[in-house]
Each structure stands twice: as structure tokens, then as C-alpha cells.
Amino acid sequence: MESYVPILVSALLTALIVLGLLLAARLMRHRDSPLTDREPYECGNEPESYAHDHRFSVRYYMIAVLFVIFDVETIFLFPWAVLLDKLALFGLIEMVVFLAILVAGYVFVWRRGALDWA
Amino acid sequence: MSWSWLDWLREAVGQPQFTLLFAPAAKFLVAIFAIFLLIAYLVFAERRLLGFLQVRLGPNRVGPWGLLQPIADILKLLVKEDTIPNRAVRWAYLLAPCLVVAPALVIFSVVPFGPSPTAPGAPRWYVTDLNAALVFVVALASLGIYGIILGGWASNNKFSLLGGLRSAAQMVSYEVPQGLALVGPLMLAGSLSLVGIVEGQARLGLWFAVPQIVAFFVYFVAGVAETNRNPFDLPEAESELVAGFHTEYSGVRFALFFLGEYANMIVISAIAVTVFLGGWLRPFPSVEALAFLDLVPGVAWFFLKVFAFLFLFIWFRGTFPRFRFDQLMDLGWKWLIPLSLANVLVTGLVVVLVDRGP
Chain A
263 MESYVPILVS
273 ALLTALIVLG
283 LLLAARLMRH
293 RDSPLTDREP
303 YECGNEPESY
313 AHDHRFSVRY
323 YMIAVLFVIF
333 DVETIFLFPW
343 AVLLDKLALF
353 GLIEMVVFLA
363 ILVAGYVFVW
373 RRGALDWA
Chain B
589 MSWSWLDWLR
599 EAVGQPQFTL
609 LFAPAAKFLV
619 AIFAIFLLIA
629 YLVFAERRLL
639 GFLQVRLGPN
649 RVGPWGLLQP
659 IADILKLLVK
669 EDTIPNRAVR
679 WAYLLAPCLV
689 VAPALVIFSV
699 VPFGPSPTAP
709 GAPRWYVTDL
719 NAALVFVVAL
729 ASLGIYGIIL
739 GGWASNNKFS
749 LLGGLRSAAQ
759 MVSYEVPQGL
769 ALVGPLMLAG
779 SLSLVGIVEG
789 QARLGLWFAV
799 PQIVAFFVYF
809 VAGVAETNRN
819 PFDLPEAESE
829 LVAGFHTEYS
839 GVRFALFFLG
849 EYANMIVISA
859 IAVTVFLGGW
869 LRPFPSVEAL
879 AFLDLVPGVA
889 WFFLKVFAFL
899 FLFIWFRGTF
909 PRFRFDQLMD
919 LGWKWLIPLS
929 LANVLVTGLV
939 VVLVDRGP
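Top line first, the protein sequences correspond to chains A and B. All residue numbers in the first sequence are consecutive under the working numbering, ending with 380. All residue numbers in the second sequence are consecutive under the working numbering, ending with 946.
Treat the hints loosely; a few may be bogus.
Per the computed footprint, the stretches of chain A lying under chain B, defined by three or more beta-carbons under 8 Å from a beta-carbon of chain B, are [what the hints assert, rightly or not]:
#1 273-284
#2 290-299
#3 329-339
#4 347-354
#5 364-378
Where chain B lies over chain A, by a calculated footprint (3+ residues, C-beta under 8 Å) [unchecked claim]:
#6 263-269
#7 310-317
Just so you know, these hints were derived from the structure itself, not from any lab. Backbone N, C-alpha and C define an ideal beta-carbon position, used for all residues, glycine too.
Only chain A is shown next, with the shape it has when bound in the complex (with noise of 0.2 Å):
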């Protein structure tokens, strides 16, 4: 476990240059002035709406949902990888009933246009 408190220090450091930065810019900056517009930007038009007034495409929800999947497997081989020398013949085809599985699951999103944009 030794090697990880290196880990803790450096997350502690790097908090510490990040706050610095914010700090010595809070120094260094202009005053706000009243005659910023702090309207959000949309190219000089006066908005109408704001951005949380609408809704926005359900496929960024399909795409999370299928990361989740696919992005727990991958840390799955991960281990398995490392030790594929001694598991030998057996790991071998243990990974590929698992990922037969996978793939299966991943022809039919495929075919049910999930994977589609457009």
C-alpha cells in the first residue's frame, strides 16, 4: 500500500497549484465592472431563452447507458489480461464465451439502430 500514499500527496499538491492559480489571479485581476454584459453569448442577439428552458436529444442518454456496458468490460479484461499467462487455455476460452455474450448483445443494439446518429 506504500506506493499509494505518493498518490494522496500528489492529489493534495496538485489542489494546492490549482488554488494557487485561482488565488493569484483573484489578486491580479480587473474589478468587475457594472458595464459587463452578463447575458449568456449568443452571437449579439438578445436571448429569447436560456439553455435550461429546453430539452435536449435522448440519444446522449442511449450513448451513456451503452458506456456503462461496454466500459465495465473493459475493466473486466483488464485483470484477466495481466494474467493470462497462468490461466492458460482455460482464461482463454472463459473470455471468449464471456465476450460471445457481449458481442451478441452488441449485434442486436447494433441492429436495433441504437448505434445510429442520423
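For this one, chain A is given, so just place chain B on it according to the hints.
Leaving out everything else, chain B in the frame of chain A:
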């Protein structure tokens, strides 16, 4: 008087806390300082190179050959007003840029810049050698998505929201092939530690980019997409989304986003070099006739390779037109994922069937 100070230092170096806490802290600070300097001049190099690629000069007025330009840029960004739009979600808006930079910087604590010591007392060229370093890198690299989508959403600007969503969808999509591409080299190295992976390449006498050329290709394409760089820079697409998720940001918070993007480019390059191009190893590590190349220290090889990748990033930006969003999704989900899955299966088969001796 100075003696007591020296004695104190000598005693401190012997303490266990020193090797555990202060030595890594000092190393990390040096690494981060080097990375900051690299980023500052990477931005400058990019502007000059893009200038040359487009048959113009690029910034050449501040200092000799424009070499002081990065310093001028940093000062300018620090003194700018820090604007917060009217309807922004304040806490998220302020937090987002920090969430982009911080993970990218912490990753450098596990990157091996140079060889592990062969002689006792020789310096180790990394902050720490984590036994699960690659998982750590992948995990931290994906944390950056939070900063971008949070920044895009919190601005309450239509362009920013679209940019943030596109960016999240894109980074999430390309993370899968990127992770799968790393599985191949893992099977060859039999280790998750980045030091272990480079040592695996020394054992094999070959950079993993040779047997894992497909994985290498997939990793780098996915890496370019992960960093939102051309030709996958849809989240920022100036001409349609006016800079996307950071439209509303100004001053130091914009600088943090910028820092994060360039730090991520260096992370992608450093991991690609470590996993596929032999890290600190010289070219053709098994060819005895090239042993004179070992005169160049490992750190120099490492950074030379990283610079080559960074040059590729800039070259891409000067060369390729932007993808359309549906093309981008198709490339990630319908091409790179099957390709990297096939690579995993083939590599697994070869590793199991080929006996690599004792």
C-alpha cells in the same frame, strides 16, 4: 550555523517519512513544473507551426522569434475579468475548470519518465510505481469529462450546453475502444504497472507498437478524440458552437480549461509512449549494434517520443477537416470497438498458444 542546517538535512533524508512523503512531493513538483513549462511552449509551438503550415508567420513579435509570447499570454489571462453569466449555476460554473485540470495533473505521479534504478542509490525517474497504474490512469482520465459537461451545463448557454453534451458523448464513446486497445499490451507485459509494462518491452526486445500495431492505432485515434482535438474537435467547433463548453469562460478559468486540454494531450502522448513505444527504451532495444544509443539518457528518449506525438497532434490540426457528429459516432462504435475486440481475441490466442519459454 550552516553546519547544523546541513546536519538537519542529512538526518531528515534518512527518516522514513522523507522517502514516503517529501521525496515524492519534491519529485511531483518538479514534474508539474516541467509539464507547465512544456504546456506554455506547446501552445506557442502550435501557433508557430500552424502558421508555417498555413504559409504565414504566426506570433513572432514578443521577444526574439516570439519566444516570450507564452508569458505574455499567461499574464493576460491572469488579469482578465472573471465573468459569471446571469443565469449560471454558480458553484458548478466555478468548480468545472478545476475538475478538468486536476485529474490530468495527478496522472503524472505514476508516469515513468525514465528507468528504474539498477544501482542502489540511483534516482528513480517517477514519483511512484503503482501496481495498478494503468487502471488508475484510465480512471483519472475519465474524470475530466465531469468538468467539461458540468462547465457546459452550468453556463446556461445553448452553445455551451450542446458543446458539453457532445463532448461527454464523444469522450464516453471513445473511452471504450481506448480501454480495449490497452488490453493487448497488458497480455504481452503481464503487468498493470507502467514500469512493469516498459520492462516487459525490454524483455521482449521489441516495442509493443510492433506486435500491437492495431491496438496502437486504435489507442491513438481514440486519444485524439478524448482530448477533443482536430479532427474530432466537435465540442469546440468554432464555426458552429463558438467554442462550445467554454464559451462563457474568461480569465483564469478559461486558462484552466486550456491547461487541462494541453495536459491531457501530454497524458495521452505519455501513456502511448509508455505502453506502445517502449517508454524510456531506445529504438530496437534488442539490437546490440545500436547499443551506443544508450548514451542518450532514458528521460531524453521518453521526451523525444512524447514530442513526436505532440507534433502529430499539431500536424493533424493543420491538415484534417472536422468530422460530422454521426461520422464520429460511427467511427467509435462501429469501427474501433469491433477492431479492438478482434485485436484482444487474436492477441489472447497468440499469447496462449505461443510458448515464450522460461
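Do the hints match the structure? See the list:
no.: 1; hint: 273-284; in the structure: holds (count 8)
no.: 2; hint: 290-299; in the structure: holds (count 7)
no.: 3; hint: 329-339; in the structure: holds (count 6)
no.: 4; hint: 347-354; in the structure: holds (count 5)
no.: 5; hint: 364-378; in the structure: holds (count 5)
no.: 6; hint: 263-269; in the structure: holds (count 6)
no.: 7; hint: 310-317; in the structure: holds (count 4)
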